[in-house]
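**Student:** In case you want the letters, here they are:
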Amino acid sequence: MTCLKCGAAMNHQADKLVHPVTKEEAARMTATLDGVIERIYACPNCGWIDSRRPTETSPSR
Amino acid sequence: MAPDRPLFIPVILGTPRRGRMSEHAAELMRAEIAKRPGVLTELIDVAKLPIPVDDAGESAKDPEFSETINRADALVIVAPEYNHGYPGLLKHVLDTNLKEYVHKAAGIVGVSAGVFGGARVIQNLIPVLRELGLVTIFWDVNFTSVQSRFDESGKLLDESFLPRIEKFLDELCWMAETLRHGRSHVTVGGST
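Going down the list, the protein sequences come from chains A and B. Using the numbering used here, read the first sequence as starting at 1 and increasing by one per residue. Using the numbering used here, read the second sequence as starting at 1 and increasing by one per residue.
Just chain A, with the same shape it has in the complex:
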């Protein structure tokens, strides 16, 4: 993923299990994990944080 703030390549620093708060999120739950995985990225240049859910093609903002 590319940093939206400075354009640097971001580091995939975590996979966080997210507990759904909406019907749409609940519909995408992975039964074995009991939630939705969110991939968290950090920019080593400016520190900006972004994330993406594996089924998405663009950053979730």
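Everything labelled a hint here was simulated from the structure, so no lab data went into it. All values reported here derive from a predicted model rather than from experimental measurement. Think of the CB as a built atom: it goes at the ideal place given N, C-alpha and C, for glycine as much as any other residue. Heads up, some of the hints might be wrong.
[Claimed, not checked] Derived lysine-lysine pairs resembling BS3-like cross-links, with alpha carbons at most 25 Å apart: (1) B:Lys-155 <-> B:Lys-167; (2) B:Lys-91 <-> A:Lys-5; (3) A:Lys-23 <-> B:Lys-61.
[Claimed, not checked] Per label pair, the in silico range of CB-to-CB distance: (4) A:Ala-31 <-> B:Leu-157: 24 to 32 Å; (5) B:Phe-138 <-> A:Arg-53: 31 to 39 Å; (6) A:Ala-31 <-> B:Asp-158: 48 to 56 Å; (7) B:Pro-63 <-> A:Arg-28: 51 to 59 Å; (8) A:Leu-33 <-> B:Glu-152: 24 to 32 Å; (9) B:Asp-54 <-> A:Leu-33: 41 to 49 Å; (10) B:Ser-148 <-> A:Pro-54: 48 to 56 Å; (11) A:Thr-2 <-> B:Phe-116: 45 to 53 Å; (12) B:Asp-45 <-> A:Gly-7: 29 to 37 Å.
Let chain A serve as the given structure and place chain B on it in line with the hints.
**Tutor:** For chain B alone, kept in the frame of chain A given last:
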């Protein structure tokens, strides 16, 4: 080695109640952080955040608050103890973000009128912060008998708190620097 960018450690004042005595504690923490070279800070007052209370998650986000948390390397959360728990609005505000917290340091300042200094609110808040992805430090600040610790202008009347605040901030800054390195350079499930 000092980080190439200043650390940014905002202080969250976690109660909106009128007459709140946590305000002086939060301002003291902000002032002590601001004295540190290479560290920037600001005070975030949950009472002033335009966050709706009838929604949650992404749709309830305040963009300015989220951007501030995104830039942060660590958080200081000043939490009064209400019936052994944390203020409901503090929990609601914290819940509006997630990715912004992951692998960032958090320290808790407990506040109470009694002798426990918010020890129970700290214990109750730790599992919440853990689930949000924050990394809590092993130092706390406990403002016991807060009503007698500050004068009306907010001046600290008991300087014995200052050494403990210094140790708390030493540890928080260490954790903030270490986690910044990890976020930037250590890839989950893979090589560094």
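**Student:** Would you mind marking each hint as holding or not holding in the structure?
**Tutor:** Verification of the supplied hints:
no., hint, in the structure
1, B:Lys-155 <-> B:Lys-167, "20 Å, holds"
2, B:Lys-91 <-> A:Lys-5, "29 Å, violated"
3, A:Lys-23 <-> B:Lys-61, "18 Å, holds"
4, A:Ala-31 <-> B:Leu-157: 24 to 32 Å, "57 Å, violated"
5, B:Phe-138 <-> A:Arg-53: 31 to 39 Å, "33 Å, holds"
6, A:Ala-31 <-> B:Asp-158: 48 to 56 Å, "54 Å, holds"
7, B:Pro-63 <-> A:Arg-28: 51 to 59 Å, "24 Å, violated"
8, A:Leu-33 <-> B:Glu-152: 24 to 32 Å, "52 Å, violated"
9, B:Asp-54 <-> A:Leu-33: 41 to 49 Å, "29 Å, violated"
10, B:Ser-148 <-> A:Pro-54: 48 to 56 Å, "54 Å, holds"
11, A:Thr-2 <-> B:Phe-116: 45 to 53 Å, "48 Å, holds"
12, B:Asp-45 <-> A:Gly-7: 29 to 37 Å, "34 Å, holds"
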